[in-house]
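These protein sequence lines are chains A and B, in that order.
For the first sequence, the numbering used here gives the first residue as 29, with consecutive numbering after it.
For the second sequence, the numbering used here gives the first residue as 29, with consecutive numbering after it.
Worth flagging that the hints you see were computed from the coordinates, not collected in a lab.
Small disclaimer: the values here were computed from a predicted structure and weren't measured.
Hints may be right or wrong, so weigh each one.
Because identical chains cannot be distinguished in the list, a pair is counted as satisfied if it fits within a single copy or across any two copies.
Straight-line alpha carbon distances no greater than 27 Å define the calculated DSSO-like cross-link-like pairs of lysine-lysine that follow [what the hints assert, rightly or not]: (1) LYS52 with LYS124; (2) LYS124 with LYS97; (3) LYS262 with LYS219; (4) LYS146 with LYS70; (5) LYS146 with LYS97; (6) LYS231 with LYS52; (7) LYS181 with LYS262; (8) LYS219 with LYS231; (9) LYS211 with LYS253; (10) LYS231 with LYS253; (11) LYS189 with LYS262; (12) LYS161 with LYS124.
2 protein chains.
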Amino acid sequence: MRVAFQGELGAFSQQAIQQLLGPKARPVPHERFDQVFAALGKGSVDAAAIPIENTLHGSIYANYDLLLKYDFAITAETNVRIVHNLIAPPGLTFAKVRKVYSHEVALNQCLDFFDRYKRLEREVYYDTAGSVKMVMETRPPGGAAIASELAAKIYKAHILKRGIEDDPQNYTRFFLLEPAGSKPRGARGSKSPWKTSLVFSTKNMPGALFKALSALALRDLNLVKIESRPLRGKPWEYLFYLDLLGRSDDQAVKNALAHLGELADFLRVLGSYRAAT
Amino acid sequence: MRVAFQGELGAFSQQAIQQLLGPKARPVPHERFDQVFAALGKGSVDAAAIPIENTLHGSIYANYDLLLKYDFAITAETNVRIVHNLIAPPGLTFAKVRKVYSHEVALNQCLDFFDRYKRLEREVYYDTAGSVKMVMETRPPGGAAIASELAAKIYKAHILKRGIEDDPQNYTRFFLLEPAGSKPRGARGSKSPWKTSLVFSTKNMPGALFKALSALALRDLNLVKIESRPLRGKPWEYLFYLDLLGRSDDQAVKNALAHLGELADFLRVLGSYRAAT
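Let's have the full structure, built from the sequences with the hints guiding it.
Shown next, in the form of structure tokens:
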């Protein structure tokens, strides 16, 4: 099974693929998120793994927008604990490190570390795993990288410091996407509750969002996330992405969706899948 | 009056300051948003103008988080129509342009233009107005920039093509921030409706957001925006930022806030101000 992801081999997305599908799935790296979606759209991969939100950084807007642009099914989710490590080519000791390369978000999640070691210069790079690949290939003097343990292993680099992130409550949630109509995945007999993700726009009237949420609340359905995105072509109007507990086949969810359909200008179910533990 | 903003002189934020306060306000540039907030925090400026959302790009997360970290009052808002222009040093004709520098978001909002002129290379720069300053100072061969008309004027550069953005429905909403307790601004006798912005977190229970919104809906108050942000230290829980129509002194708004206070774990009013037209 070929699974598209954004970043270089060793990215946290690759770890997500392992968690979602086991070691046999073959990760296929792409430079940008739109290329990941396009690859699944034209069938050059069987699935895609995309990050959708991080507990410190927030939602990944680009992927919410791409979920709407394409018509794939979310068939599974997983949470990856983000552990940042200082990684260097063999032979480079910590005392000799001067420059640290990584993705801007990763650098910004290790501010306490940089405060403690003021000699270290931060250098923004386009990708975490890619920064390990780069320091191994080009060996910039005193150059190290911040990335996952998996990236260190793949590029045969050494971990100098483990877990240098400021806040250990750092998780990224990933979706597995497959062609529309694909069945949800998840271990047979899993006791994990179901989640359903959907997107809708409300009619532009007072109380519209409240009424939309009433379609869930009146049926005791639990809303676990809401995200708003601007509606293209209608300044200051919004699309809403919701995650609720329940499966789209459940009678209460069916009723809620029918009710929401009456209240919404537009409604699409993005998928039902087992909640990550 | 000294007003902090992020970016170089000529940034769209400077245009926002002119719209908010007229030509006499003195814009004080800062490199990053956290520096803008810090400047107002320590009183080295009288106010700050910050972008909060763009109709194509969405909310500016960093500024939502900083609104919570500091305790300032939102005293006014304005919408700036974002018009992107191709700008070059005098003497460089359009036929000779090869490289175009600008902020990544600006470059991505001119994709049709780059599709039409495939010879043009895109180069990401940290700031729109800063890219004009740079092409004027260092004159890279065939180098032009994408930025506002104001930036062209300030750095004495020429506009080669006007309005090259893909989508003219491109507006950015800005807040004016002043020390806590400052009175709202706005033309005397303005007929523009009031808006109130607030932030709250719900108790972690089913239907919590629905109940919170009921505090507004039961009083026929109109919710015009909702934004969620991760709650630090509590993975998969969220803060909600709301904008409603009404002033915090209005009886219905007072009642709604008292009701919301009962339902929320945390609640803070960020300000009441005249809605931008």
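Looking back at the numbered hints, which does the structure fail to meet, lowest number first?
Hint check: 1, 2, 6 and 7 fail, others pass.
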